[in-house]
Each structure stands twice: as structure tokens, then as C-alpha cells.
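Undergrad: Fit chain B to the known structure of chain A by using the hints.
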Amino acid sequence: MIDIPPYPPLDPSNYDLIIVGTGVSESVLAAAASSSGSSVLHLDPNPFYGSHFASLSLPDLTSFLHSNSFSSPPPPSSPPLPPSNNHDFISVDLVNRSLYSSVEISSFESEILEEHSRRFNVDLCGPRVVFCADESINLMLKSGANNYVEFKSIDASFVGDSSGELRNVPDSRAAIFKDKSLTLLEKNQLMKFFKLVQSHLASSTENDDTTTVKISEEDMESPFVDFLTKMRLPPKIKSIILYAIAMLDYDQDNMETCRHLLKTKEGIDRMALYIISMGRFSNALGALIYPIYGQGELPQAFCRRAAVKGCIYVLRMPITALLLDKETGGYKGVRLASGQEIFSQKLILDPCVTVGLESLSSLTDQQNETLSVLVPKALINKEKVSRGICVIRGSVKADVSNALIVYPPKSLFPEQLTAIRVMQLGSGLAVCPADMHVLYLSTLCDNDDQGIKSLLSAMSNLIRLPDPENHQSDSVVENDTCEAKPILLWRALYVQELVKGEYGGTISSMPSPDGNLNYNEIVESALKLYEQLMGSEELFKEETSVENTTEENDGGVDIED
Amino acid sequence: MHGRPRKASKPEEEAASAAKAVKLRSLQSQFMTNHHDKIYTKEAIELSTKLLEINPEAYTAWNYRKLAVEDTLSRIESDPNLVNSIFDEELRVVENALRQNFKSYGAWHHRKWVLSKGHSSIGNELKLLDKFQRLDSRNFHAWNYRRFVVELTKRSEQDELQYTDDMINNNFSNYSAWHNRSVLLSSLLAQNADGFMPNEKIPDEYDFVHSAIFTDPDDQSGWFYHLWLLDQTLNVETPLLTSAWPSHGSTIILSGAGCLNSSSSKFTTFCSESGSFPLILYSDQAVGGVSSSTVTIDSELKGNEDLVWEPISNKNSQVSCVWVTHLKYVSSDPCEYKVKIRVGNSPGIISSRGYNFSAPYEFVFTAHVHDTVEDSQEGIVSWTDGFDIWDAKSKDLKSLVTLDRLEAEIDFEWRQEAIDSEVECFGILADSKIGKLTLARLLMAREVMVSDDAVKGVRYEEILQLYNELMALDSSHYQYYKDEHSVAFLHKVTSSSESLSRHLFRYRGMNNLVCLRLNNLSLSRIASVKKLLFVQMLDLSHNELHSTEGLEAMQLLCCLNLSHNRIRSFSALDSLRHVKQLKVLDVSHNHIGKHSVDTTRYLCSSPLSNSEWSQDGVGRQNPGLVTKYWDAYFVLRDLNLKQLDIAGNEISGDEFSSFVLQVVPKLVWLDGQKLGN
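Just so you know, the protein sequences line up as chains A and B, in that order. Every letter in the first sequence is one number past the one before it in the working numbering, and letter 552, counting from 1, is 563. Every letter in the second sequence is one number past the one before it in the working numbering, and letter 326, counting from 1, is 1009.
Please note: incorrect hints may appear among the correct ones.
To be verified - List time: in silico DSSO-like cross-link candidates among lysine-lysine, alpha-carbon distance up to 30 Å:
id, chain 1, residue 1, chain 2, residue 2
1, A, K203, B, K1116
2, A, K225, B, K693
3, B, K1139, A, K241
4, B, K1116, A, K206
5, A, K225, B, K814
6, B, K1116, A, K247
7, B, K1263, A, K249
8, A, K539, A, K511
9, A, K189, B, K810
10, B, K884, A, K189
11, B, K1263, A, K191
12, B, K1357, B, K1277
13, A, K191, B, K1116
14, A, K206, B, K998
15, A, K408, A, K421
16, B, K1263, A, K189
17, B, K998, B, K1263
18, A, K337, A, K189
19, A, K189, B, K1357
Treat the hints as calculated values from the structure; they're not laboratory data. Small disclaimer: the values here were computed from a predicted structure and weren't measured.
Chain A with its partners taken away, still in its complex shape (with noise of 0.2 Å):
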């Protein structure tokens, strides 16, 4: 693994709070305890932040996949150190828990790749963006960690077809006017249903329940999908609706298949957010919003602001054991890989730390009840999320760099159960050198071959393998067809696992990267912990409008209230 320079000491050695792993949650909670006054202790084995949320360039994300992954062998352990009995605690040895499995990383022009290597900042858990009226983007202006990042606007969005066109999303009045492919009466039936969620949003926030249409009760609590098809919406808008405006993953017609029906409530709330994102940052061309030099630059503006707030930082620091209380089997601190402890009241982990569990065998009932979240658990729901990134010559529509792409369910081949999303970010970004693009792709998956065989197709419906025998094949036939499409540079696949946070009183550990488009359920779990942690104590209470300076940057995106 990395080899760890001599650190001096940390002093003080007590803290409030000791958050190990700087992915957005730890990185949200970090801040928000540092700003209400905790002393905090935030430590991350890596040499980067960010940890599962990180941007690396392509090396670096290699040999992160490569030593978190089930098929690389287990990082050689130091033997355990017998247990420190000379003090009044036991210690319990961590064991590192893999994220992801069936990684698999290729280059194609490895001498281009390696001469631009450091000008790559690619996302580990991408595609992920930010809706311009997200909980994230409130919660950066409340803690002033806005003042660290600045964004750009996704410029376009597509939904996509095993034909290999893509169609714009029309999600605004005038994207419904300029679309091409929308028949009159789509657009007349897309607008009038747009309206009818607009006029439901006014009368709940007006209480003006005289003037509006409302949708009724009733409607509310059925499935949104039901809902659809009463409004009498045709497929091809419904499956608009459904995947690339309100991003469901699930099949929603396939009752067998889908894990999440979204009720009408939940699909309306979903096309707010859409719909207040369009509006709410004047120099934002549509909803969706990205972090210039990546989406790790989201949880380092956290650290920073806690850093502001006196929160201590110390990377490259693993952890390798828990310090319990030998008489009440309650926590005490942890042993740093320095072999330093430190004491704290309250700890806090990244979902990769767990105890193994052939140390639980040895301890006591009182100890195995504090360290509960760290058991891992049987899974009851095998639910992993497939990730992909290609690095490409071209983009695959032209004139557009930053671009979100969604596959229905069923919409590149029968069996395709979950909708795939793909993002394509440019050099505007500053991910990836000039003339070339980053394209994520995700979908969820049951199992990792399933999830793999759903990503390859996204891919080969948008971009060109150099697979020489491929080439030879059908090179004549499909000439036309594949010279518009851009060439693949580097791809890596994997399967993530998704694993949930858990409130355990004094040791807590946080959820992995979700297969979400943005960060809402992750900056919710966190917020719901530091609630937990904290009591009632209002969050970044000081913080609001503070340092606000207006930047106009050229085609960024001020977040600015």
C-alpha cells in the first residue's frame, strides 16, 4: 500500500468527534460539527480527499479500484498487536471491507494516456451531478463551502435508444417548442401536464386552493406511472417523465421487476425539483449543475470550511483499531496506523471500515453491542450499482460537450431492467485534456454480470470500440455509422457495492456512494446523523450569508442566493 512517512504525534489526543473517511457525508458532517463548536479529529488513509467520492487522475483511480476491489488480495496486515493490557481498554482490529468487484481496466492508447495522465480528474462514482435546487447546493451556501467550488452548467440532456439517436429532454417551455421530434400534440399534452404540477406547486405553497387546479388526494398516494397514463400521456413522453426528468431507475411498468414504485407524491416532488433547478441561478442555462475539476472538489470545499472551524486534518492516516473500555465494553478511541490512540467521545467511520470476525469471537457481549454497525450483515437486498468510464476522442453529439444521457428500461434490449445514465463531460470542466471527453455511465444491478452487460451496451450504442477484430469484421458495412461516433481511449468497468450508513450512539459508520444522479440521499443520511449526534442544534447556524462575493466567471454558474 502506500508507504507512510513518520508522522509527529497529534496533539491534543481527545477530541469530541473522530470522522475517519472523507467521502460528502463524513466530509457534511465534519463541517457541520466543527461549525456548532465540537473539536474534530478527520482522518482518511488515502493521500486524497474525497475517498469513494474522490476525482483522480487515471492512475491514481486505477490503483485505488485495483486495492479496494474483492479480487486483489487483501493489503498485508501487520500481526496483530497483542492486546494492550497495560491499559484499562482492549483493542479490536479493523479490517478493510471492499466497495467494489469485477474491476476491469483497459487502455488503448496507453502512450497518449500517459502523456496527459496528470490532466485527468475522473470521478469514482460518477455520473453524478448537481440539481440546481438541491439540498446540497442549499446546505454549500448555508455553510459558505460554496466559496470553494465553482460550477458549470450541463448544457444539454438526451434520452437515448438502441437505434442510436438521441432525442432532447424537453424539460422547459421553450425546449418543448424547439423539439423536432415531438408530434403537436405530444407537446400540447407534455405542456398541459407540465402546468397541471406548476399550478399543484403554487397552490401548496400559496394555500390559494381557490384559483389552481390541485391534484387530488387520491392521485397523490397511486403510483406515478398510473398517474401518467390517466393525464392520457403517451409512452415515449411518460418514459421521458419517468427516467430523465424525475431519473427512476426501476422499470415502473414491470411490477415484477421494479424495486421502487414511485407514488404520484414522490414523481411531483421529483419534477419540482426539475422544475425550480431550471430557474433558480440566472446564468445557469438548465437544471443540472457540475463542479469544474470534478465532483471531488464537493467534499473538499466541506473540509475546508471545517478546517476554517478548527476541524484537524490528517490524510494518509488509517485507523487499524478500535480502543473499547475493558469493564463497560464502551468506546474509548482508536489506534492510528502511526501507532499513536487518540480518544474521543463519538466515532465516526467510512462504510469500508468493519471488524473481522474472528475477533468479534473474543469479546464480550457489552463490546459486540458497541461495535454492532461494524458487523458487516448478510445483504438482504443484493442491490450494487454498475459504474463505467470511457475516456473518448469526440463527443458523441455534436456541438454539445456536457451532456447527460438516460436510457430507459427495455430501451437498448428486452431484458434491461434498470434505466442507464450516461454523462459526458468535457474539457470546460477541466477532467479531461482538450479534444477528448469523460463519459460515465451507471445503472443498478442485482448481479455483476447483469450490470457489466448493461453498461457494455450503453457503450457500443455511443461510442466505438477499437477492438481490432471488431474492426476488421465489419468495417465496411458499418463505416458510416461508426465514423461519426467517437473513439474509445480507456475504459474502466466495475460493480460497487451499496451499503447503508447506521446510527450506532457512539460508533456510527456512513453509507457508500448511491446509485443516484445527485447527492440528496447522501447529504440527508448525513444531516439525519448529525441530528443524531447533536440534538436539535441548528445546523451552520452562523454560517448564512457570510462571505458571499458575486464572481462572473465566464460560463460558470454563481451559486449565490
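TA: Coordinates of chain B only, in the frame set by chain A:
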């Protein structure tokens, strides 16, 4: 900029505006002194700058600046740099004023004035406009000024059209952008510019505006543009002759006053004391220049060398859709004559929009001149009996009326196709008021265009149903829908010989007059008159008519029944003054006199107070009555009535009756009573 509710101002805002008012008042008074004393010093001009920066609406200050500039120019004209700097300063002041209020008329006008002097560069104007149009994309001042600048810079109309594209794509609720688009397209289409042939471009425009209308049917801007497009589709620039009387191939019988013995004649019989019959030309748009040189007539009828053509128009103008001349004949000389008429052989007939009548048309009819057998009788004309049903199977009607648009070479095909596809398209939106109205208008347009007998007239029921629904849905525009309903109904009646013949009769009493009975149909407006030029007797009783507008073209009309309608005054009958043959008029049971004009509100108690009537016999004898019944006087004086029914109106009574007798001395029957000599 639009749709923002006005908020009540806060106390501090009110205080600020009061302080501003004080400052303005003192500035204003100083400025007025300068203006009055014609002081154009640097300080005085500076003062006006200050005033305008606070209040860009100060027109006087803008005018003062113009005077000041001209004053300065008269002294320093030799130095071009100085001249430029003066104008640049003016532009700067305007710009600041516009920042204060970009809807200031005075400021925009001043800018135009400065630029029209030709000393300033116009390169920056479009950039400035882009800025203002970004702030408020509908600002019509900016759009107006844009057209001015475009003309100055000679920017191509195609580029400007692209600009409206961009603005509309941005937000299609933009009346100004759609309007500018229609202005630019009109010009490009008129020039036949490359890629702007109407048959290609107008269908494209329909597609473009559909997106707006269907995306948001509640937004009016697209509908307005659609209406303009429909107009472009229907209107053919060159005027066309649409109907004439006597029609091509017809035979008419002419005689002197009185009755003919051959009373079963199937031909139109025209009796005249004066020995002349009208020749009517009806074109689809108002034209001027109809004369004996542009219309040639070949016949052996004598005395018709220098015919005088008269436009039939209420506005005393020299353009009209209807032109009439009177051909003379001698009834004592029975014979058969062929009359051949050529319209538009030599240029000169020009539409009011400046287009030449370019489709010469020729038609021929036969005139039988008969001798009068019996003396004329002064019998009363009855509207209840003496009518023979028209033989629907007879082909008579064909000879009476040209029911189809006279052939002409115009590019009809694309227009029909465009309307057909519109009709198909708007079926979807027929659940809204504007959708219904548009569909009804489109269907009407389609019926007007269709020339194929098989499909002609099949959609009228649908149109009438749409207007019925609209009347029920939208009471505030009831009268408009009612009028359109009447128009559609009359189009339907006149759309085929079969439907028309159901309303046609022969009146035995007077040489088998052709009588059209359209009574009890709740008509509120008259239409399709061009197809009814042959009618001699017209029954419009028991309808909801407010006016006789349109009837002036029916030059053969001698009996008219308007009883039980909603005529409110004699002014509403004004168009009848042109119908010289009219002998019998029934306006009983209307509202004449109910809503008299409140003359106390005017300086003159009637339009006749100081005009020609004093020369008139009646006027001299009884000025009081003429002043009181001036509207009746105006109309009745020009008519040659034998029979008048006026009972059942507010106005009727002994006084009015005696007045009528004075104005119409030849009257024989008044309210069913024969008048003693």
C-alpha cells in the same frame, strides 16, 4: 418585465420619491427659464442633461437639446471632430436616460433624431439594442428602433428574420418578435426573395407557429401570428372579378314600366321607367379605375358609348368592390341584343393596395327588349301571398348567378393544401375557445377556396356548430360569434343551387320578381351578397339585423322586408341609398328611435344644422322636423319609395308620418294605408 404584480410602496420609498419631486421641480423651473430665454450655454445644456437623467420623460427637455445642438452646429459646423463629439454626447445622454427608463418615448425618438443627422457611427446601435432586448425581449420601443437601425445599416432582412427566430426560440411569448417576423416576411415575400416563395415559405411558417400554439395554447402571441398567416394564405394580391350581373350566358328581359303578358317567363325581367338597366361588377377586393376605357362593352344597344361607372361605397371613396353602370335601352323597340363585356383588357383597374387587375375577363349575355303591354299598377306589395315556389329542378338558377369564383390563373393549389393541413391540425385543440374559433375560421377559409362541387359545402354544419358552442361558452363575445354564424349560414345557403333554390320564390304580382326569403333565421349580419346580385325582392324579416350593410351591391333590389329586426336608426339603413330601384321598404317593428343620438352633447344639434338641407324644399319649409329626423331625412330623401312600413317603431307617429310624406312625395302606401293624393 411582464406579469409582475404591483406592490404598494413603502414609506421610505414614498419619502424618496417626494425628495426626488422637489429636486425635479427646481431643476424643471430653471430649465424652463433657460428654454424660454433660448440660453444654450454649456451650463444650461448640462442642466437639461441632469433633468433628463432623472426624468427621461421630459419631452420639452429633449426638444430643447435638439435646438441647442442645432444652435451649436450653426456656429462650429466647420470642425467635423467637434460635430461628432456633440452628437456622441447626445447619444450618451440618451443611453443614460434609457437606463433609467427604457420605455421612454422621448429618449428613443431623440436617439433616432441624432442618428438621422448622419454624424454618428451606427455600428454600436445593434449591440446596445441586444442589451436592451435581453433585459426585456418584448420591449416594442427597442424593436421599433431596431427596424430603424436595420434600415440605416442596410442589414439584410434574412439576418433580421434569423434574429426573430432566436428570440422566439428563447421565449415564444413575444408579440414584438412575432410582429417583426410578419413585417420582415411580408417584405421578403413581396420581393420574391430567394427562398421566400409564398407556396414554400408560408407552410414552413405554419409549422413554426404550430409549435408555439400547441405547446401553450393559452399564450396569445402565436395565435396572432397564425391569424396573420391565414390572412396571407387567403389573400391573393391581384384583384379578381368574382361575380357580375347579368352573368355570363344569361338572358334578361327588359321592358318599360308596367307588366308583361308573358308572366311565366323563366328569365329575369327588368322593368324600368328610365329605360336603363344596371350592369354590376363585383370584385374580391376594393378596386379603383373602373371606367369606359378599362371595361369595354360591345352591343347594338344604342346610346351607351360614354358610360359612367360608379363605385358603390358608403365612404364616398373612389375604390369599391362593387361598380355599377347603367346601360340604356329603348323599350318601344323590341329586339334581341347580345352584349359582350371585357373587363381589364387595358390596364387601369388597381386595387386599394396597389395591385393591378391582371386577369382580363370576358362575358356575354343576351338582352330581350320587350314592349310593355299593360300599364303599371300602384298595387300594394304583400309579403304574405302571391309567391310561387321555385322549381328546384329547373336550370334557371344557373343562368341567374355565377355561383363559382370566376376562373383566374392564381396559385390556388398550395393555399388549399395549407388550409387543409391546418384544418386537420387544429381538430386537436378544438376544446378551447380560441381553438374552436380558429377551426371555424379555417373551415370557412377552406369552403371559400374549394372549387370541387363534390366536397363543397360539406363542412358548413360543423362551422355553424362551432359558432353555436362559442356563443354558449363565451358570452362576452357573443355578438361577434353571432355575426360569424350568420355569415357562415349565408355562405351555406349560397353554396349550391339546391340550397339556394329552397329560399327562392317568384312574386306573381310584379312580373315574376325573383324573391329570396331569408326570414326567421336569426341572422345578425348580411353576407354572400356577391352571389345574390340577381335578387329583386328580399325578405329578411324576423331576424336580428342591426344594419343593411352589404345590400348596396344588390342593385336590382326593388322590394325589401326588414320588419322585426333590430335596426336602431335610419343611419343603419344608409347603404340602401345606393339601391336606386328600391320601391318597397318594410322596416316595421324595429327599434328605430329607441336609442336616438343624444344631440345635446354636440355643438351642432344635428349633422344637418349648417349644410345643404337649407337649399332643399323640405328643409326650408320645416327645418324643425329635418333637424329632429335628420337620419331619416338623409336616407329617405335619396330613395324613390312607393311603399313604406314603419309601424312598430318608437319613431312612428303622426308627426313622423307627416314628415315622411314631405320627404317622399311619391309615396303611395304608408303602413298599409293608401295615401290620398
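Undergrad: Taking the hints in turn, state whether each one holds.
TA: Structure-based check of all given hints:
A C-alpha spacing of about 16 Å is found between A/K203 and B/K1116, which places the hinted pair at or below 30 Å, so the restraint holds. About 34 Å separates the Cα atoms of A/K225 and B/K693, which puts this hinted pair outside 30 Å; it is violated. The suggested pairing of B/K1139 with A/K241 is violated, with an alpha-carbon distance near 40 Å, which exceeds 30 Å. Between B/K1116 and A/K206, the direct Cα distance comes to roughly 19 Å. Compliance with the 30 Å bound is thereby established for this hinted pair.
Only pairs whose Cα atoms come within 30 Å are accepted, and A/K225 paired with B/K814 is rejected, the gap being roughly 39 Å. About 28 Å separates the Cα atoms of B/K1116 and A/K247, which keeps this hinted pair within 30 Å; it holds. About 69 Å separates the Cα atoms of B/K1263 and A/K249, which puts this hinted pair outside 30 Å; it is violated. Between A/K539 and A/K511 the alpha-carbon distance is near 13 Å, which keeps this suggested pair within the 30 Å criterion.
For the given pair, A/K189 sits about 26 Å from B/K810 by alpha-carbon distance, which is consistent with the 30 Å threshold. With a CA separation close to 18 Å, the supplied pair B/K884 and A/K189 stays within the 30 Å bound. Restraint check for B/K1263 and A/K191: the C-alpha separation of about 60 Å exceeds 30 Å, so the hint is violated. In summary, the hint linking B/K1357 to B/K1277 is supported, as the alpha carbons are separated by about 27 Å, within the 30 Å threshold.
Distance check on the hinted pair: A/K191 and B/K1116 sit about 27 Å apart at the alpha-carbon level, within 30 Å; holds. Restraint check: the Cα-Cα separation between A/K206 and B/K998 comes to about 49 Å, which exceeds 30 Å; the hinted pair is violated. Only pairs whose Cα atoms come within 30 Å are accepted, and A/K408 paired with A/K421 is accepted, the gap being roughly 22 Å. Under the criterion of a C-alpha separation no larger than 30 Å, the hint pairing B/K1263 with A/K189 is inconsistent with the structure, at around 59 Å.
With a C-alpha separation of about 17 Å, the suggested pairing of B/K998 with B/K1263 holds against the 30 Å cut-off. Pair hint A/K337 plus A/K189 does not hold up; C-alpha atoms about 70 Å apart against a cutoff of 30 Å. Distance restraint check for A/K189 and B/K1357: the Cα-Cα separation of roughly 74 Å exceeds the 30 Å cut-off, and the hinted pair is therefore not satisfied.
Hints 2, 3, 5, 7, 11, 14, 16, 18, 19, counting from the list given before, are not met by this structure.
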